[in-house]
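Colleague: Note that UniProt numbering has the sequence shown beginning at 1, numbered continuously upward.
Worth double-checking, as some hints may not be accurate.
[Stated by the list, open to error] Ranges between beta-carbon positions, derived for each pair:
#1 Ala251 to Glu74: 28 to 34 Å
#2 Pro124 to Pro225: 31 to 37 Å
#3 Gly78 to Ala276: 29 to 35 Å
#4 Pro249 to Trp59: 19 to 25 Å
Calculated from the structure, these hints are not laboratory results.
From the three backbone atoms N, C-alpha and C, an ideal C-beta is built for every residue, glycine too.
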Amino acid sequence: MNARLQRIWFFVRWLGGLALGWRFGWGWGLAACFAYPLLLLPSFALLRRVNRGPGCPRWRELLRAWVLEVAISERSFGWRQPWRTHAEPDHLPAGAEAGVLLVHGFSCNRAFWNGWMARLRGQPGVAFIAPSLEPPFGSIDDYADAIEAEVQRLRMLTGRPPLIVCHSMGGLAVRAWWRRHATAEAPQVITLGTPHAGTLMAAFSPAFNARQMRHRGDWVAELPPLPRLTCVWTPCDQLVMPAATAVQPGAAAHRVDGVGHVGLVADPRVWTLFQAALAASFSTPRRI
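Using the sequences and the hints, build the whole thing.
Modeller: Here it is in structure tokens:
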């Protein structure tokens with residue numbers, strides 16, 4: 001469903017740009033088609049105020065993050081997610097020794113992870129699943145059972161709990177899953193730009209799952225902590241504000257500078273951290 005909505009938005013955006021160009025001139029049409037980069041600028045500039053204090057991002061870092069975010073977002077939301085949803089199918093090879101569950105964030109689908117899935121497919125002994133969470137704007141609690149089903153598929157295949165990697169809202173979906181399906185053997189979880197304490201930006205969306213992510217809201221406050229969690233965060237995150245909300249209290253934290261919210265998934269430093277966690281997961285005792 002989310003891919004269908006993104007395809008509709010794609011056509012609305014470009015047909016609207018063509019209509020404006022035909023009526024008022026092609027300069028206005030191009031500006032409409034590429035308005036997204038300009039709309040991102042104020043949120044990046046706002047970070048100088050929201051994240052002020054020690055470690056506040058410099059203007060040069062924010063500019064770099066903005067440029068990268070525009071390129072990565074256009075590729076993800078303009079090509080991969082609307083048109084390439086199943087270009088990288090789940091990979092469940094017989095004899096796999098480790099499993100990876102990739103959980104996308106708000107208003108996304110499984111194709112958000114296409115780059116990761118293409119690279120993981122070449123790693124021997126690794127199985128992976130990337131579900132699309134539906135409905136796209138429903139309650140985050142409703143994703144818990146779908147996540148549980150995929151966790152069990154990977155556990156049955158490998159004999160181990162999977163390594164779970166989440167982006168943005170996906171981390172909260174996994175915490176909602178843990179509240180409903182907690183076991184004695186907790187999986188290793190890595191969250192990328194997850195608003196563990198909510199985000200100020202959620203106040204601008206009417207979607208039900210966005211309202212659940214409001215800063216210091218009741219829903220996020222009631223979520224249980226994940227026992228084995230690594231939080232990757234960036235002070236240049238234009239959607240998770242303030243940046244400190246991207247770290248669950250007591251969890252390991254890794255700061256990545258000069259990259260925005262979506263850009264975290266394409267950053268080589270994040271991939272290196274993930275690879276270290278994946279290598280460690282091979283040594284987890286199997287439960288056959």
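Colleague: All the hints need checking, so say for each whether the structure fits it.
Modeller: Hints versus structure:
no. : hint                         : result
1   : Ala251 to Glu74: 28 to 34 Å  : holds, 32 Å
2   : Pro124 to Pro225: 31 to 37 Å : holds, 34 Å
3   : Gly78 to Ala276: 29 to 35 Å  : holds, 32 Å
4   : Pro249 to Trp59: 19 to 25 Å  : violated, 30 Å
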